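Here is what each chain is made of, one letter per residue.
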Amino acid sequence: MKNIKFLLLGIFFAIVLSKSQAISWFRFYEMFRFQSFHMFGIIGSAIVISAVFMQLFKRGMIKDIHGNLIKPKQKEKGFFRTLVGGTFFGIGWGISGACAGPIFVILGFKFLSALILLISALLGAFIYGLLSKKLPN
Amino acid sequence: MDFIFEPFAWFVGGPLIAISLVLYFYFGKNFGTSTDFETLCTLAGAGKFSDYFKKDWKERDFGLMFAMGLVIGGIIGSHFLIPDQTVALNPKTIQELTDIGFTNVANQYFPDEIFSNEAVFSLKGFLILVVSGLLIGFGTRYAGGCTSGHAITGLSSLQFPSLLAVIGFFIGGIIAAWFIIPTIF
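If you're matching them up, the sequences are chains A and B in order.
Going by numbering that gives the first Met the number 0, 105 is the number at position 106 of the first sequence; the sequence numbering is gapless.
Going by numbering that gives the first Met the number 0, 150 is the number at position 151 of the second sequence; the sequence numbering is gapless.
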C-alpha cells in the first residue's frame, strides 16, 4: 500500500477545502462577482507560499521522498487551447461552483448532484480525448 | 476545542492548500486533480474508443487514491466537522441572489436551486449539472489543467500557459456569474 499516503493527503486536502468553504457554490459566485476577498485570499496565499517552495525545489533545498530533484511538469504551450479551454472550464466552474478537486469532495456533501457533475465531467474529458488531435492548439 | 467546528479563515486555508501541494510534490508526483478525470476514463474503458486513453492507469493509481481520499475527506467534513454550514457571504451578494429568486442564500454551502434532489430531478436542474460538468471536463483537459494544476501549481512555478489558463478561468467564471446565472434563474 505505497499509495496510502496519497489517500491520507486527499482526506487532508478535502477537509482543508471544506473547512475553508472553498467548495461552497456561494463562495465562488461571490468571488466571480468580486464581492469578497475570501477566495482571492485563499488562492492568492496558496500561490505565494507555493511559489516560495517552488524556489526551494528548484535549488534542490527540498528533495522528494526518493531523494530526487522536484520539477513541476511543464504545461503544454498553445495560446488558443489554454485560453479557450480555460474559458470553457471557467463557465462550468462559475455555473456549478465546482472545479475538479471539489467535485470529489462535494460527493460527500451532495451526493447525487456531485455524481452527475462527475459523470458529465468524465464524459467531457472523454470527448476531449476523442477530438484531441483535431482541435486547434 | 470549538475551533475545530469554526470555518477556517483565508489565511489558514490558503497556506494549508500550499502544504498539500508541497506534500504531493514531496511524495514524488505532480500536483493536479483534473488528470484524474482522464485516468478514470481509462479505467472505464475509454481506451477502446481512442488511443488518447490507451495508458496504463496503474501508473496514475496514486491520483485515484488521492481522489478517493477527497471523497472520504468530504464525507468526514460534511458529517463531523461542519455542524454549521452558514457562509458569511457579502450581504450584497445575498441580496442579489435573493432578488433573482434564490432561497436560503448562504445558510448552507450549496444552493437548493442547483443541488437539492428536487432540482436534480427537474429537467432544468439536471441540464445545469450536465452542461457544467461537460464544460469542466472538456475545458480542463483542453486547457491542460484546473485550479490546482494551473492556478496554484502553474502560477507558483511561473509558467506562462497557466497565466493564460487562469485568465480563461476568470473570463468563463465572470460570464457565468454575471450573465448566465442571472439569465437562467
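Since the hints were made in silico from the structure, they are not lab data.
These numbers were taken from a predicted model, which means no experiment stands behind them.
The reader is advised that the hints may include incorrect statements.
Distance windows between CB atoms, simulated [as the list claims (entries may be wrong)]:
1) B:Q94 x A:L134: 18 to 28 Å
2) B:K57 x A:G59: 40 to 50 Å
3) A:I3 x B:L157: 53 to 63 Å
4) A:N67 x B:K91: 31 to 41 Å
5) B:L157 x A:N67: 34 to 44 Å
6) B:K91 x A:K70: 20 to 30 Å
7) B:I75 x A:F39: 23 to 33 Å
8) B:T102 x A:H65: 28 to 38 Å
Below, in silico cross-link-like pairs of lysine-lysine (DSSO-like), each with a Cα-Cα straight-line distance of 27 Å or less [what the hints assert, rightly or not]:
9) B:K123 x A:K1
10) A:K62 x B:K47
11) A:K4 x B:K47
12) A:K62 x A:K72
13) A:K62 x B:K57
14) A:K133 x B:K91
15) B:K91 x A:K1
16) A:K1 x B:K28
17) A:K72 x B:K28
18) B:K47 x A:K132
19) B:K47 x A:K70
20) B:K91 x A:K132
21) B:K91 x A:K70
22) A:K76 x A:K4
23) B:K54 x A:K72
24) A:K4 x B:K91
25) A:K76 x A:K1
26) B:K123 x A:K76
27) A:K57 x A:K133
28) A:K1 x B:K53
29) A:K18 x B:K54
30) A:K72 x B:K57
Beta carbons are placed, not taken as given, at the ideal position from N, Cα and C, and that holds for glycine.
Going through the hints against the structure:
Our hint of 18 to 28 Å for Q94 of chain B and L134 of chain A is violated, since their Cβ atoms are close to 41 Å apart. Distance hint check: the CB atoms of K57 of chain B and G59 of chain A are about 30 Å apart, inconsistent with the given range 40 to 50 Å. For I3 of chain A paired with L157 of chain B, a C-beta distance near 32 Å fails the hint of 53 to 63 Å. Checked against the given bound of 31 to 41 Å, the beta carbons of N67 of chain A and K91 of chain B, roughly 49 Å apart, lie outside it.
Against the hinted window of 34 to 44 Å, the Cβ-Cβ separation of L157 of chain B and N67 of chain A comes to about 21 Å, which falls outside the hint. With their beta carbons about 44 Å apart, K91 of chain B and K70 of chain A fall outside the hinted range of 20 to 30 Å. The hinted range of 23 to 33 Å is satisfied by I75 of chain B and F39 of chain A, whose Cβ atoms lie roughly 27 Å apart. Between T102 of chain B and H65 of chain A the C-beta distance comes to about 53 Å, which lies outside the given range of 28 to 38 Å.
Restraint check: the Cα-Cα separation between K123 of chain B and K1 of chain A comes to about 44 Å, which exceeds 27 Å; the hinted pair is violated. With a CA separation close to 39 Å, the supplied pair K62 of chain A and K47 of chain B exceeds the 27 Å bound. Distance hint between K4 of chain A and K47 of chain B is unfulfilled; the C-alpha atoms sit about 32 Å from each other, more than 27 Å. Taking the CA atoms of K62 of chain A and K72 of chain A, the gap is about 15 Å. The hint holds against a cut of 27 Å.
Restraint check for K62 of chain A and K57 of chain B: the C-alpha separation of about 24 Å stays at or below 27 Å, so the hint holds. Annotation: proposed proximity of K133 of chain A to K91 of chain B is violated, straight-line Cα distance about 45 Å (limit 27 Å). The hinted pair formed by K91 of chain B and K1 of chain A fails the criterion: a straight-line CA distance of about 48 Å is larger than 27 Å. A distance of roughly 13 Å separates the Cα atoms of K1 of chain A and K28 of chain B; the hinted pair therefore holds under the 27 Å criterion.
The straight-line distance between the Cα atoms of K72 of chain A and K28 of chain B is roughly 9 Å, inside the 27 Å bound, and the hint therefore holds. Between K47 of chain B and K132 of chain A the CA atoms are separated by roughly 16 Å; this keeps the pair inside 27 Å, and the hint holds. For the given pair, K47 of chain B sits about 33 Å from K70 of chain A by alpha-carbon distance, which is inconsistent with the 27 Å threshold. Restraint check: the Cα-Cα separation between K91 of chain B and K132 of chain A comes to about 45 Å, which exceeds 27 Å; the hinted pair is violated.
Distance check on the hinted pair: K91 of chain B and K70 of chain A sit about 43 Å apart at the alpha-carbon level, beyond 27 Å; violated. The straight-line distance between the Cα atoms of K76 of chain A and K4 of chain A is roughly 32 Å, outside the 27 Å bound, and the hint therefore fails. Annotation: proposed proximity of K54 of chain B to K72 of chain A holds, straight-line Cα distance about 18 Å (limit 27 Å). In summary, the hint linking K4 of chain A to K91 of chain B is not supported, as the alpha carbons are separated by about 42 Å, beyond the 27 Å threshold.
Between K76 of chain A and K1 of chain A the alpha-carbon distance is near 33 Å, which puts this suggested pair outside the 27 Å criterion. In summary, the hint linking K123 of chain B to K76 of chain A is not supported, as the alpha carbons are separated by about 37 Å, beyond the 27 Å threshold. The hinted pair formed by K57 of chain A and K133 of chain A fails the criterion: a straight-line CA distance of about 36 Å is larger than 27 Å. At most 27 Å may separate the alpha-carbon atoms for a hinted pair to count; K1 of chain A and K53 of chain B meet this at roughly 24 Å.
As the CA atoms of K18 of chain A and K54 of chain B are separated by approximately 35 Å, the hinted pair breaks the 27 Å bound. Between K72 of chain A and K57 of chain B the CA atoms are separated by roughly 19 Å; this keeps the pair inside 27 Å, and the hint holds.
Taken one by one, the earlier hints fail for this structure at numbers 1, 2, 3, 4, 5, 6, 8, 9, 10, 11, 14, 15, 19, 20, 21, 22, 24, 25, 26, 27, 29, listed in ascending order.
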